[in-house]
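Novice: The letter at position 3 of the sequence shown is residue 477 when you use the working numbering, and the numbering goes up by one with no holes.
Worth flagging that the hints you see were computed from the coordinates, not collected in a lab.
Treat each hint with caution, since some may be false.
[What the hints assert, rightly or not] Once the Cα atoms are required to be at most 16 Å apart in a straight line, the calculated EDC-like pairs of lysine to aspartate or glutamate come out as:
#	residue 1	residue 2
1	LYS518	GLU488
2	LYS531	GLU572
3	LYS522	ASP537
4	LYS522	GLU479
5	LYS557	ASP514
6	LYS557	GLU511
7	LYS477	GLU538
8	LYS557	ASP517
9	LYS531	GLU479
10	LYS518	GLU572
11	LYS477	ASP537
12	LYS522	ASP564
13	LYS557	GLU488
14	LYS518	GLU479
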Amino acid sequence: MSKQENFIRQNCFELAVRLTWESKTIEPEKMASHITELADLTDKLYNKAIEVLDLYKDLGCSDEILARAISYMTDVHAIPPLKGNFQWFDYTLTTLVELVCPNYVIGESDHDFVEIDLYQRLNK
Numbered sequence: 475m476s477k478q479e480n481f482i483r484q485n486c487f488e489l490a491v492r493l494t495w496e497s498k499t500i501e502p503e504k505m506a507s508h509i510t511e512l513a514d515l516t517d518k519l520y521n522k523a524i525e526v527l528d529l530y531k532d533l534g535c536s537d538e539i540l541a542r543a544i545s546y547m548t549d550v551h552a553i554p555p556l557k558g559n560f561q562w563f564d565y566t567l568t569t570l571v572e573l574v575c576p577n578y579v580i581g582e583s584d585h586d587f588v589e590i591d592l593y594q595r596l597n598k
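Work out the full structure, taking the sequences as your base and the hints as a guide.
Specialist: What follows is the structure, given as structure tokens:
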């Protein structure tokens, strides 16, 4: 596994941790099952992330872009009720990657949203 693939997996692990966060301390006897759940969730997120990368690689998506998108999702969108909701992960990650590596030419009707609403607000 390359350094960048490890970075993607690490970001998937951090997302899994956020999604499985509990407000109470985990009892020692449940620790093994929690670690197994965390590993399984990380693997599922990673496999889905690689699918998205494969779809967008020819459009300029890189391991770095993908890893940063996952990190953004962890910081901004991840909450425990989304644990196991792989459609949420797939749709959100695909949307973020699509904004950076669009699979179409941005037309006049989309220009204002992308150039004004999105990019200018992000640069404030």
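Novice: With reference to the structure, classify each hint as holding or not holding.
Specialist: Hints versus structure:
The suggested pairing of LYS518 with GLU488 holds, with an alpha-carbon distance near 13 Å, which does not exceed 16 Å. With a CA separation close to 11 Å, the supplied pair LYS531 and GLU572 stays within the 16 Å bound. At roughly 13 Å between alpha-carbon atoms, LYS522 and ASP537 fall within 16 Å of each other, so this suggested pair holds. Only pairs whose Cα atoms come within 16 Å are accepted, and LYS522 paired with GLU479 is accepted, the gap being roughly 13 Å.
About 12 Å separates the Cα atoms of LYS557 and ASP514, which keeps this hinted pair within 16 Å; it holds. The hinted pair formed by LYS557 and GLU511 meets the criterion: a straight-line CA distance of about 11 Å does not exceed 16 Å. Restraint check for LYS477 and GLU538: satisfied, since their Cα atoms lie roughly 10 Å apart, inside the 16 Å limit. Proposed proximity of LYS557 and ASP517 is supported: the alpha carbons are some 13 Å apart, at most 16 Å.
Taking the CA atoms of LYS531 and GLU479, the gap is about 14 Å. The hint holds against a cut of 16 Å. Of the supplied pair hints, the one linking LYS518 and GLU572 is violated, its CA atoms being roughly 21 Å apart against a limit of 16 Å. A threshold of 16 Å between alpha carbons decides the hint, and for LYS477 with ASP537 the separation of about 10 Å falls inside it, so the pair holds. Distance check on the hinted pair: LYS522 and ASP564 sit about 7 Å apart at the alpha-carbon level, within 16 Å; holds.
Between LYS557 and GLU488 the alpha-carbon distance is near 13 Å, which keeps this suggested pair within the 16 Å criterion. Distance hint between LYS518 and GLU479 is fulfilled; the C-alpha atoms sit about 14 Å from each other, no more than 16 Å.
The structure shown violates just one earlier hint, number 10.
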